[in-house]
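Protein chains in written order, with numbering that gives the first Met the number 0: chain A, 0 to 221; chain B, 0 to 222; chain C, 0 to 246.
Hints were generated in silico from the structure; no laboratory data involved. Being a predicted model, the structure only gives us computed values, none of them experimental. Keep in mind that the hints are not guaranteed to be accurate.
[As the list claims (entries may be wrong)] Looking from chain A toward chain B, a few residues come up when the C-beta cut is under 7 Å (computed):
1. Thr3
2. Met6
3. Arg17
4. Gln18
5. Gln82
6. Leu220
7. Asp221
Every residue, glycine too, gets a C-beta built ideally from N, C-alpha and C.
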Amino acid sequence: MSRTFLMLIRRDLLLAHRQGGGSLLAIAFFVLVVSLFPLGVGPAPEMLERIAAGTIWVAALLSVLLSLDRMFQADLEDGSLDQLALLPIPLALVVLAKTIAHWLTTGLPLTLTAPLLGLLMQLSPDAYGALVAGMLLGTPILSLIGAIGAALTVGVRRGGVLLTLIVTPLYIPILIFGVSAVEAAAQGFAISAHMLFLSALLSGTIVIAPIAAAWSLKLALD
Amino acid sequence: MQGQVSTAAAVLEGRDLAALRGERLIFANLDFTVSAGELLKLVGRNGAGKSTLMRMIAGLVTPFAGQISWHGSPVRDDPDGFCADMIYAGHQDGLKTALSAAENLDLFARLRGIRSQPADQALAAFGIADLADLPVRYMSAGQRRRVSLARLLVAPASLWLLDEPLTALDTSAIEQLGSVVDAHRDGGGMVIAATHADLPGSPGKVLEIVPPDPFEDDAEPSA
Amino acid sequence: MHRFANPTRFLRLAAAVLPFSAAVAALCLGAGLVWGLFFAPPDYQQGDTVRIMFIHVPSAMMAMGVYAGMAISSAIALIWRHAIADLIAKASAPIGATFTFICLLTGSLWGKPMWGTWWVWDARLTSMLIMLFIYLGYMALWQAFDDQTKAARAAAILALVGAINLPVIKFSVEWWNTLHQPASLITMEGPKIHESLLWPLLLMIVGFGAYYLTVLIFRVRAEIHQRRTRMLRMAQADRHNAMQAAD
Numbered sequence: 000m001s002r003t004f005l006m007l008i009r010r011d012l013l014l015a016h017r018q019g020g021g022s023l024l025a026i027a028f029f030v031l032v033v034s035l036f037p038l039g040v041g042p043a044p045e046m047l048e049r050i051a052a053g054t055i056w057v058a059a060l061l062s063v064l065l066s067l068d069r070m071f072q073a074d075l076e077d078g079s080l081d082q083l084a085l086l087p088i089p090l091a092l093v094v095l096a097k098t099i100a101h102w103l104t105t106g107l108p109l110t111l112t113a114p115l116l117g118l119l120m121q122l123s124p125d126a127y128g129a130l131v132a133g134m135l136l137g138t139p140i141l142s143l144i145g146a147i148g149a150a151l152t153v154g155v156r157r158g159g160v161l162l163t164l165i166v167t168p169l170y171i172p173i174l175i176f177g178v179s180a181v182e183a184a185a186q187g188f189a190i191s192a193h194m195l196f197l198s199a200l201l202s203g204t205i206v207i208a209p210i211a212a213a214w215s216l217k218l219a220l221d
Numbered sequence: 000m001q002g003q004v005s006t007a008a009a010v011l012e013g014r015d016l017a018a019l020r021g022e023r024l025i026f027a028n029l030d031f032t033v034s035a036g037e038l039l040k041l042v043g044r045n046g047a048g049k050s051t052l053m054r055m056i057a058g059l060v061t062p063f064a065g066q067i068s069w070h071g072s073p074v075r076d077d078p079d080g081f082c083a084d085m086i087y088a089g090h091q092d093g094l095k096t097a098l099s100a101a102e103n104l105d106l107f108a109r110l111r112g113i114r115s116q117p118a119d120q121a122l123a124a125f126g127i128a129d130l131a132d133l134p135v136r137y138m139s140a141g142q143r144r145r146v147s148l149a150r151l152l153v154a155p156a157s158l159w160l161l162d163e164p165l166t167a168l169d170t171s172a173i174e175q176l177g178s179v180v181d182a183h184r185d186g187g188g189m190v191i192a193a194t195h196a197d198l199p200g201s202p203g204k205v206l207e208i209v210p211p212d213p214f215e216d217d218a219e220p221s222a
Numbered sequence: 000m001h002r003f004a005n006p007t008r009f010l011r012l013a014a015a016v017l018p019f020s021a022a023v024a025a026l027c028l029g030a031g032l033v034w035g036l037f038f039a040p041p042d043y044q045q046g047d048t049v050r051i052m053f054i055h056v057p058s059a060m061m062a063m064g065v066y067a068g069m070a071i072s073s074a075i076a077l078i079w080r081h082a083i084a085d086l087i088a089k090a091s092a093p094i095g096a097t098f099t100f101i102c103l104l105t106g107s108l109w110g111k112p113m114w115g116t117w118w119v120w121d122a123r124l125t126s127m128l129i130m131l132f133i134y135l136g137y138m139a140l141w142q143a144f145d146d147q148t149k150a151a152r153a154a155a156i157l158a159l160v161g162a163i164n165l166p167v168i169k170f171s172v173e174w175w176n177t178l179h180q181p182a183s184l185i186t187m188e189g190p191k192i193h194e195s196l197l198w199p200l201l202l203m204i205v206g207f208g209a210y211y212l213t214v215l216i217f218r219v220r221a222e223i224h225q226r227r228t229r230m231l232r233m234a235q236a237d238r239h240n241a242m243q244a245a246d
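Isolated chain A, as found in the complex:
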């Protein structure tokens, strides 16, 4: 079972690699959105520093949202979702493997890009650790909740817009904890509470989301 699980992750990584561009596109979008803000609110460093955490997190959230609709859609279209559903392991594990692959190709690259954007946004030097740690814990939750939305809307007409509408409200707690951790760190406060909340959210979501997404996928296959 664990071999199949790892093989599934490798499969999605290989496909992402072959088809190419997925991660780069998310990163480009991430950088682009963040760089709109200095253009929008003006380049005053103190202003940028104040909005840095929020801007980077919101942009990361949008980049993940944008990448979600292909999560199951491509596999549904060519019929390989049938084959994945018929593997001799529970569908929830298939979903979990695909979600991990999704995180490795979007959430992780975004997390690694975030410090660079911190530089552009004049982020306080004390806050980089909190930004990266928060994103390391938070972006997997974005992928997991996103998997539910992607599974609910796979094969649905105009599923992409619907997916955004469904998933965005559920992302709000992660945004709040992620941003407030960065702000706390910038002001020299401890961020352990924020990290604990994010960890708790992650451990809850990692159990519930694959099951809910698997139920939803069954509908698309039915």
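On the provided structure of chain A, position chains B and C as indicated by the hints.
For chains B and C alone, coordinates are given in the frame of chain A:
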């Protein structure tokens, strides 16, 4: 794992199956059995529910009523055990176009955990061994179909479900499929196929899917 | 057999409850409004503005209550495949969304004289706004499927996921709010409710509940009739097919 007395030879058995499609009942009270070495052909007019029954047997569609058993116990109780011994070849190819034929087959075998034949041999059985390293993206519909069918040979399974396997195949490929199916049945394997045309090779049982009587539960049909 | 779970029992029950709930709704809402708007004393701090509370508080409660009901009927629908439970969840959503909207609207109206602005990112209002988005997403998901049985199951899963998430969202919004808001603002829950306001408020709450029940019954009935119409049309098409095949 011996079958029950009444159905001594039946390995796969469907009882009283019914399917809903968008609130519409497409078939009901359907029974079938398949024993080792048997071929069951599903026939019926377009939209009668051949694909739905196929997906239902595979476990993708939940029966609205009825039950499917495998070696005497309900598939629902151990879906993973059933999946491990069954290969479903749907009307979609289920291939990744970015990968080569051999990569697609290797992936399939490795995901299922057991391999029965190397990809090259499986492709050779369908006459496309020379295309092993070609990405599926560049293949014609008939070539893709052959790659998709070659999956039957790379991982072991006693039950094959073939939904419209002959689509896009030319006569030589149909002959090859016929001999692959015959060899599988000679080894005790079972095949269920939904197809308009005839599969070559030894004939099997036929199950006709008929739509439910639309006048059945109305007092006054509008006739 | 292929007709869905027979809704006759529900229809009979609904017919029995309907006059009762309609009467309770009319009486309580009428009495509560007259009492609250004309006879209850104005608040010493907020003056007559406090009267908005008679609409705002019950609608906030109903916004959450209806969602809870929706989540429970979704769970029932998922576990027991109960067709009426699906319809109750579906029919509840627009009502709940309307209550949420009224709650936001009255909150905003209340905020203008109290805060000097139409909108303040107060924790409760923000939570309600997110709630409205969740209702809208739920309704949009129902709309997205042609196959009603699939729509029902997808929507039920979303309703449950939302129900698990709502407490987390509420908690995080409150956390966020304490970080960003000066604590000196008067909030709606702030001043202790005087006893003279309590009775009309209770009447309004009961009235809102009864109103919900009444509208719910109408909507579920309409859904049942729509489903019957769909069934009859399908049957007509099937018969036509069968007759042609017989010719």
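(Q) Flag every earlier hint the structure violates by its number, smallest first. (A) Hints that this structure does not satisfy do not exist here, as all of them hold.
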